[in-house]
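Next come the chains, spelled out residue by residue.
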Amino acid sequence: MPVPDAPTRGALRADLDVVFRREYPRVVAVAARVLGSRDQAEDVAQEVFLAFNRSSVPAGEAGGWLSVAAAHTALNLIRSGRRRASHEETAAAAVPVAEPDVAEVVVTLEERGRVRAALARLPRKQAVALVLRHSGLSYAEVAAALDLSPGSVGTTVRRAEYALREELTRHASSH
Amino acid sequence: MRHPTDGVLRRLLDEPAGVAGTDRRHVADCARCLTALAAAREDAALVGAALTAEADVDVPAAWARLSAAASAPARTPAPAPARTARRGRFGELVRRPATAALAVGVVLAGAGTAAANDWLPVFRTEEVAAIGLDSADLVALPDLEAYGDVVLTGDDGLRTVADAATAEAESGLDAPEVAALPAGITGEPEYQVGGEVTTTFTFDADRAARAAAEAGETLPTPPAGLDGASVRLVAGPGVAQVWQSGSGAPGLVVGRAVAPSASSSGVPFETVRDYLLSLPGLPEDVAAQLRTFAADGSTLPLPVPSDFVSTSTEEVDGEPATVLATRDRTLAAVVWVEDGEVTVVAGALDTGEVLEVARGLR
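Chains A and B, in that order, are what the protein sequence lines are.
Numbered according to the numbering used here, the first sequence terminates at residue 175, and the numbering increases by one at each position without gaps.
Numbered according to the numbering used here, the second sequence terminates at residue 362, and the numbering increases by one at each position without gaps.
Some clues are possibly wrong.
[Claimed, not checked] Covered stretches of chain A (chain B as the covering partner; in silico rule of three or more C-beta atoms under 8 Å from a C-beta of chain B): (1) 19-28; (2) 32-42; (3) 112-126.
[Unchecked claim] One side of the interface only, derived from the structure: several residues of chain B facing chain A at Cβ under 7 Å: (4) Gly-21; (5) Gly-352; (6) Glu-353.
[To be verified] For the chain A half of the interface with chain B, some residues (derived, Cβ under 7 Å), not all of them: (7) Gln-46; (8) Tyr-139; (9) Val-157; (10) Arg-158.
No lab work stands behind these hints: they were computed from the structure.
Cβ coordinates follow ideal geometry from the N, Cα and C atoms, glycine included.
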């Protein structure tokens, strides 16, 4: 696969348009799962695509690269405390209480915030694998993006989910 | 037999085909594994619900933002907010710079009409022609809301109806019948109907002056009578048929609507045109192109980002038609006006395919 040269400052990669249209919705979805805010997720996605534009990552590998970069950038945003509280509130008000396919699971807005904070404290590979899987990447795609064996993706995701469930349970039992 | 690991159980929830048959059979008959599987399912659902976030995006707007930021760092304006409050699709379009340009074009297309104190018909669309803009210009174009009030009425969005007969009854339009579907498009279309939409732009001299000052520009002195003058654009109702492609994305869209018409109140259109052309932020080459539409008055300029859309002109049923294609050849569209109705055929197709559908409509 041809590897494009990184463009000079101010130039666009020839394949940026195609990659952007194909991957942008998913990149936003990945960041939104971490941040809970579409507006902030779109800011993260813009940052990630600008980085991709400066890189020489082949277009065929762009999907995984961009998703991983979006997850890392969003997690960094939480950890660095750069998120604005108002965004949290706006996002919390905008999201539905539960997804239709898990309608029996009711998660309060407070719990969402706690889960996202706990997500940022997980081992980074666990957090990224979890977010990518919940964003719809297949096990093979998550494995390729994180340099894991497909067999270990399930283990990594399960550990992350267990840790987040524990976080919710621990908090609930302390009240 | 040993029990499968938690990781295998977790994958069983998402991708059972990725789990070995021996493991699947074991789990089906093992109470301990079934319990662990249920716990994994609960945890996955809980975490999935906790991480839910709305992520519906406007890809063309995001692309315009990115390409402006990436290609012209020295002249890029401050990034636009990722999204503003949710509005109907048409409402979002009206608020976006590309459609601000369209509205400017509507105003300009009316040049030559005499002054009037009452609403007067200015033009009724007879043709559509594309104006080339690059993405950076689209971002830089003035948003008309910075220059006055933009009021949108009738924007109830598209609604899906059961069949062609209902669509025709509700829209008052004949739904075009496609003679032969292109390769890769199969099945029955979904019918959608939209009502009449009216946009009124009322010039506000004070607001325009503030907007110009914030951009570091000086607003040219508005001519007498312009403050408070209005332009009204009416379009619709319309009917659309949407076929899905194999991937589930819209593969072919055939839409027809009552073509836009414009009317004005207040001042002569030449006055409005010349003033809007002088506003800071309108690139000179765009202004020059827009002026060329003034003579006819019946052509609706359609601004397209020329760096990723190419345009050409063809004929459909003896009418001039504008053909648009993304430069990556993933999408194509053809738009034309006939008997006061604008028709568009668009899809994940090439230009030859959309033209074939367009010319075969009955």
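Status of the hints after comparison with the structure:
For the stretch 19-28 of chain A, the stated coverage by chain B is satisfied: 5 residues place a CB nearer than 8 Å to a CB of that chain, which reaches the threshold of 3. Judged by the Cβ-Cβ criterion of 8 Å, the stretch 32-42 of chain A is covered by chain B as claimed, because 11 of its residues qualify and three suffice. Residues of the stretch 112-126 of chain A lying with their CB closer than 8 Å to a CB of chain B number 4, which satisfies the three-residue condition for coverage. Evaluation of the Gly-21 of chain B hint against chain A yields a violated restraint, the C-beta minimum of about 15 Å exceeding 7 Å.
For Gly-352 of chain B, the interface hint is violated, since its Cβ never comes within 7 Å of a Cβ in chain A; the closest pair sits about 21 Å apart. The beta carbon of Glu-353 of chain B comes no nearer than 19 Å to any beta carbon in chain A, farther than 7 Å, and the hint placing it at the interface is violated. Given hint, Gln-46 of chain A at the interface with chain B, holds; its Cβ is 6 Å from that chain's nearest Cβ, closer than 7 Å. For Tyr-139 of chain A, the shortest C-beta to C-beta distance to chain B is roughly 6 Å, which falls under 7 Å, so the interface hint holds.
The interface hint given for Val-157 of chain A holds, since its Cβ lies 6 Å from the closest Cβ of chain B, which is under the 7 Å cut-off. The beta carbon of Arg-158 of chain A comes within 4 Å of a beta carbon in chain B, closer than 7 Å, and the hint placing it at the interface holds.
Violation of the numbered hints given earlier is confined to hints 4, 5, 6; the remaining hints are satisfied by the structure.
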